[in-house]
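Number of protein chains: 2
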Amino acid sequence: MSRWYGNNFRIGVLGGGQLGRMIIQDAVSYDIAVDCIDVDCSPCQNVAHQFVVGNIRNKEEVLAFATQRDLITVEIENVSIEALENLESTGKKVFPQPAVLKLIRDKGTQKQFFVEHNIPTSPFYLVDNKAQINAYLAEFPFMQKLRVGGYDGKGVYPLRNEAAIQKSFDAPSVLEKMVDFLKEISVIVARNERGETSVYPTVECAFNPDANLVEFLFSPAQISATVEEEAKKIAIQIISALNMVGILAVEMFLTKDHQLLVNEIAPRPHNSGHHTIECNKTSQFEQHLRAILNMPLGSTDIVRPGVMVNILGEQNYEGDVIYEGLDEILAMPGVYLHLYGKKTTKPFRKMGHVTITADTLEEAKNKAIFVKNTLKAKA
Amino acid sequence: MSRWYGNNFRIGVLGGGQLGRMIIQDAVSYDIAVDCIDVDCSPCQNVAHQFVVGNIRNKEEVLAFATQRDLITVEIENVSIEALENLESTGKKVFPQPAVLKLIRDKGTQKQFFVEHNIPTSPFYLVDNKAQINAYLAEFPFMQKLRVGGYDGKGVYPLRNEAAIQKSFDAPSVLEKMVDFLKEISVIVARNERGETSVYPTVECAFNPDANLVEFLFSPAQISATVEEEAKKIAIQIISALNMVGILAVEMFLTKDHQLLVNEIAPRPHNSGHHTIECNKTSQFEQHLRAILNMPLGSTDIVRPGVMVNILGEQNYEGDVIYEGLDEILAMPGVYLHLYGKKTTKPFRKMGHVTITADTLEEAKNKAIFVKNTLKAKA
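Going down the list, the protein sequences come from chains A and B.
When we follow the working numbering, the leftmost residue of the first sequence carries the number 463, and every step to the right adds one.
When we follow the working numbering, the leftmost residue of the second sequence carries the number 463, and every step to the right adds one.
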């Protein structure tokens, strides 16, 4: 049987950032109306069919927004889950499901979920405040992660020695044993309502040490076939155990002794999947739409190798953004610009990304270094 | 030197159809605001930054629309050229230039231009009305083409014998000697303000005989390297002679004695370039933006072979569109859906297109036939 969502079908997205923006770009090709709710001047404001200025953490505002939309999804975890639970209980389709969002948004329950489901992850302790950290001094070093609300490198603090405790977060957090890793990798997996899953080839992330943000992403990851298979297996295991519908990003450490440890998961399109727009047969944004609309999932096959570079706001610049180096990078074949429509820059703000493709990953890496050194978001 | 168009830079597009819609999808990645003017319920209505309901053939309405935009382009030829000439004379950037639009929109002056510039084209006569056709009876058969206003297979009438004259157009038209061709091919070429040109590999078009509309498009064309080079040379020759800025589609016949004859040209993104979104390094829509913004032109290299299938409204159905077969076609890897957001269908209306990619063109062709037989726009 064939079906179509009809002319009046509307998806409502909580959040109006770059992830929503790229979902919308793909939704246009499917002729699906996508509406967003978020603060004024969000990246989706001029791109969504309808953009509602509102607070996605306010239950009443989310409920009001949802009443006129047929299916609700998110592009950020920090939303009113109470509103989503309420909507789900009245029969509204909400993907990812509120229970998944609830579990994942709290890095403490996320870790407990991994343990309960035999998902490999680094050892951890949960603390409620700064004072409790002292009890674990003997087991330092840790990464301290706020249980709720961290994003884009914020809400994470390294505890290497006792002195570091002073500047640590005085809030409920996870103390995670620091992992001596070889590589950080990420796997994007999708699952539709019928329970079909589809997993992308693994990618490799290189972080900016100053900002704890992904700086380069390499596709495919340079790992053994065994590790690749194991990483994919873990990703499918997690999304299946969550019974989740939508896209899930699974970030993992590959340790020096070749073990995989799950670091964090995110129940939405993810920075580590941006390259899929040009490098894979189906972009993660289209795949998210296919998953939540219960369509067949698209092929995740690699079309060409590539590198993704985040365009982060230059240090020491704040204000109306000016991009330097655009012409230089666009003169190179296989360079794809994605600006997020943010009018103002500040240090390390994610302003956009560039995907660089080439015949070989090595060639793409060389071009990516040029892009990184040439394209600057200044003010 | 680097530059950026700035947060307040706006492109104004005359026309709000599917071509504008796909320009906008790519403009989002460049963070360029694109506004459109066209009739109510056009495909761009919910996609453009600002959509103005208006008549693109009305001088005053076009002038009013243009005042608030920094650069004007078109996605259809049938616009108020008088308004564009007026704008250009006041220093506004208008690409393609009004003189080019004027020359091309009249198929008579288009043909004369080919002759003047030694561009190979089939012999023709210009007539002002039906009565004048009789003078050329001895040279039948002809294709009669309205000099102005034809599009999508409309405004074209085959004159095979005297009896056909009765149903012919009684209006200024071109009588073009029917060409005994082997293939119809198309070349897309771009030129920026600096005069740099970039040409796409040739594609092959297969027409629906009932509607005189492209039904399948194959990339790359199965032609000899000599013909390929000649076709590209002709396309560059034309855009250079026109001194045009933007994208130009050059449709040609490959005759049975292996000669190329230019059929028609179109100064905008074109149906025969839709496959470039997935099959080439730079899509024709991004290339159009690069050309009119005087950026470096993108690589036109083929990434993978592909077939484009137009989704035409099924015969005998008219009204609110329902798509049949979506799930079936989307279950196949390398199948890309592009719906144009038209709420109602009628026989042969272009509702969207599907691009099918595969490792070989042969494989893509087989999948394309399945797509053509499966996906139906009904009501």
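Please note that a few of the clues may not be correct.
Stated by the list, open to error - Okay, derived cross-link-like pairs now, DSS-like style, lysine-lysine, Cα gap no bigger than 25 Å in a straight line:
no., chain 1, residue 1, chain 2, residue 2
1, B, Lys838, A, Lys827
2, A, Lys838, B, Lys743
3, B, Lys827, B, Lys805
4, A, Lys743, B, Lys564
5, A, Lys743, B, Lys838
Stated by the list, open to error - Listing some non-contacts, in silico: residues in chain A with all C-beta distances to chain B over 12 Å:
no., residue
6, Arg483
7, Ala510
8, Glu523
9, Lys629
10, Glu726
11, Pro795
12, Gly796
13, Gly803
Unchecked claim - Per label pair, the in silico range of CB-to-CB distance:
no., chain 1, residue 1, chain 2, residue 2, range
14, A, Phe471, B, Ser686, 45 to 51 Å
15, A, Glu658, B, Lys805, 29 to 35 Å
16, B, Lys805, A, Ile764, 48 to 54 Å
These are calculated hints, taken from the structure and not from any lab test.
Glycine is no exception: its CB is placed at the ideal position from the N, C-alpha and C atoms.
Reported absence of A/Glu726 from the contact zone with chain B (all CB gaps over 12 Å): With a cut-off of 12 Å, A/Glu726 remains clear of chain B, as the shortest Cβ separation is near 28 Å.
- prompt: Within 25 Å, alpha carbon to alpha carbon, are B/Lys838 and A/Lys827?
  reply: violated, 43 Å
- prompt: Far enough from chain B: is every CB of that chain over 12 Å from the CB of A/Gly803?
  reply: violated, 5 Å
- prompt: Once the closest CB in chain B is found, is it more than 12 Å from A/Gly796?
  reply: Non-interface label fails for A/Gly796: nearest chain B Cβ at 6 Å, not farther than 12 Å.
B/Lys805 and A/Glu658 - C-beta distance against the hinted 29 to 35 Å: holds, 31 Å
query: Are all C-beta atoms of chain B more than 12 Å from that of A/Ala510?
result: The claim is violated: A/Ala510 sits with its nearest Cβ about 9 Å from chain B, within 12 Å.
- prompt: CA of B/Lys827 to CA of B/Lys805, is that 25 Å or under?
  reply: The given pair, whose Cα atoms are some 29 Å apart, is violated under the 25 Å limit.
Status of the stated non-contact between A/Arg483 and chain B (beta carbon gap over 12 Å): violated, 7 Å
- prompt: Given the proposed pairing of A/Lys743 with B/Lys838, does the C-alpha separation stay at or below 25 Å?
  reply: holds, 24 Å
- prompt: Within a Cα-Cα threshold of 25 Å, do A/Lys838 and B/Lys743 meet the stated pairing?
  reply: Cα-Cα ~24 Å, so holds.
field: Restraint check for A/Lys743 with B/Lys564, where alpha carbons must lie at most 25 Å apart
entry: Answer violated: A/Lys743 to B/Lys564 is near 41 Å, above 25 Å.
task: Using the Cβ atoms, figure out if A/Phe471 sits within 45 to 51 Å of B/Ser686.
output: This hint holds: roughly 48 Å between Cβ atoms.
When each numbered hint is compared with the structure, violations occur for hints 1, 3, 4, 6, 7, 11, 12, 13, 16.
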